[in-house]
Amino acid sequence: AQKITQTQPGMFVQEKEAVTLDCTYDTSDPSYGLFWYKQPSSGEMIFLIYQGSYDQQNATEGRYSLNFQKARKSANLVISASQLGDSAMYFCAMREGPRGGATNKLIFGTGTLLAVQP
Amino acid sequence: GAVVSQHPSRVICKSGTSVKIECRSLDFQATTMFWYRQFPKQSLMLMATSNEGSKATYEQGVEKDKFLINHASLTLSTLTVTSAHPEDSSFYICSARDVNSNQPQHFGDGTRLSIL
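Quick mapping for you: the protein sequence lines, in order, are chains S and G.
Quick note, the first sequence lines up with residues 1 to 118 if you use this note's numbering.
Quick note, the second sequence lines up with residues 1 to 116 if you use this note's numbering.
Some hints could be false.
[Claimed, not checked] Cut-off 25 Å, straight-line C-alpha distance, at most; resulting in silico cross-link-like pairs (SDA-like, lysine to any residue): (1) G:K55 <-> G:T17; (2) G:K64 <-> G:T17; (3) G:K41 <-> S:I107; (4) G:K14 <-> G:I115; (5) G:K41 <-> S:Y25; (6) G:K14 <-> S:S42; (7) G:K41 <-> S:D26; (8) G:K41 <-> S:Y50; (9) S:K3 <-> G:L76; (10) G:K20 <-> G:N100; (11) G:K41 <-> S:L84; (12) G:K55 <-> G:K14; (13) G:K41 <-> S:Q8; (14) G:K64 <-> G:D27; (15) G:K55 <-> S:S87; (16) S:K3 <-> S:S53; (17) G:K66 <-> G:T80; (18) S:K3 <-> G:K41; (19) G:K55 <-> S:V19; (20) G:K20 <-> G:D88; (21) G:K14 <-> G:R112; (22) G:K20 <-> S:Y54; (23) G:K20 <-> G:S54; (24) G:K55 <-> S:S41; (25) G:K66 <-> G:F91; (26) G:K41 <-> S:V19; (27) G:K20 <-> S:I46; (28) G:K41 <-> S:F12; (29) G:K55 <-> G:T31; (30) G:K20 <-> S:E44; (31) G:K41 <-> S:S53; (32) S:K73 <-> S:G10; (33) G:K20 <-> S:S41; (34) S:K3 <-> G:E22; (35) S:K3 <-> G:Q42; (36) G:K41 <-> S:Q14; (37) G:K41 <-> G:H7; (38) S:K73 <-> S:T5; (39) G:K41 <-> S:P98.
Simulated from the structure, these hints should not be mistaken for laboratory data.
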């Protein structure tokens, strides 16, 4: 079974509108972390936002917020007021085990290509 | 600024050549670094976990004799693609985490490897 599932291969959004990128995950570990990264065409991975499994509140970072629904095992990324520079590939990732654990390896979803239209 | 430096950013070489890629943490110590591989329009797949002072841990299906990893210091890990062939052409990207902070993994800018 897929550990991280991103069901939207591509999304269009109008500039200045909000967009939600979906991510569901599967783990039996009670302690885990969820990440979103942005990858522009140049290839670098840009960290956007983090949500820990024990965090009581949804994470927010500027225009990015994470809609964490633990019971549904979903961690959707919401980008508000989209900008042209937001056009990129977006990856959801999961770390199993506690923060600061021995390996902290990340498992990535297949990504969603976001295109912001003027 | 960048906290993880990856070099080179682009390599084009002949089949049979061995290629070394460096990953450096610039202002923190990284006892563990990670090497990922990404084919065009696909996700990042973890190849191996590089452990300072000990052997790397390879993911299932990754040939350890093909992809040699050395993590000789707390700030440097190297990935050597030995006797590279066209099917090894890919985007290789490393990441590292500062063990003394709660910051997430920082990624290098990646290396585009093209084997002709």
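### Message
Holds or violated: K41 of chain G and Y25 of chain S, Cα atoms, limit 25 Å.
### Response
holds (21 Å)
### Query
Keeping to a limit of 25 Å between CA atoms, is the pair of K66 of chain G and T80 of chain G held or broken?
holds (8 Å)
### Task
For the pair supplied as a hint, K73 of chain S and T5 of chain S, confirm whether the alpha-carbon distance does not exceed 25 Å.
holds (10 Å)
### Message
With the threshold set at 25 Å, check whether the alpha-carbon distance from K20 of chain G to I46 of chain S stays at or below it.
### Response
holds (24 Å)
### Query
For the pair supplied as a hint, K20 of chain G and D88 of chain G, is the alpha-carbon distance within the 25 Å limit?
holds (13 Å)
### Message
Does I115 of chain G sit within 25 Å of K14 of chain G, going by the straight-line distance between their CA atoms?
### Response
At roughly 6 Å apart (the allowed maximum being 25 Å), I115 of chain G and K14 of chain G satisfy the hint.
### Query
Has the given pair, K20 of chain G with N100 of chain G, been kept, meaning a C-alpha gap of at most 25 Å?
Violated, because 28 Å separates the two Cα atoms, which is more than 25 Å.
### Query
Has the given pair, K20 of chain G with Y54 of chain S, been kept, meaning a C-alpha gap of at most 25 Å?
violated (40 Å)
### Message
Need the status of pair K3 of chain S, S53 of chain S: alpha-carbon distance at most 25 Å?
### Response
Cα-Cα ~15 Å, so holds.
### Query
Going straight from one Cα to the other, do K14 of chain G and S42 of chain S come out at no more than 25 Å?
holds (24 Å)
### Message
Check the hint pairing K20 of chain G with S54 of chain G against an upper bound of 25 Å on the C-alpha distance.
### Response
The hint holds at about 19 Å.
### Query
Is the hinted pair K55 of chain G and T17 of chain G satisfied, with a Cα-Cα distance of at most 25 Å?
Cα-Cα ~24 Å, so holds.
The structure shown violates the earlier hints numbered 9, 10, 12, 14, 15, 19, 22, 24, 31, 34, 39.
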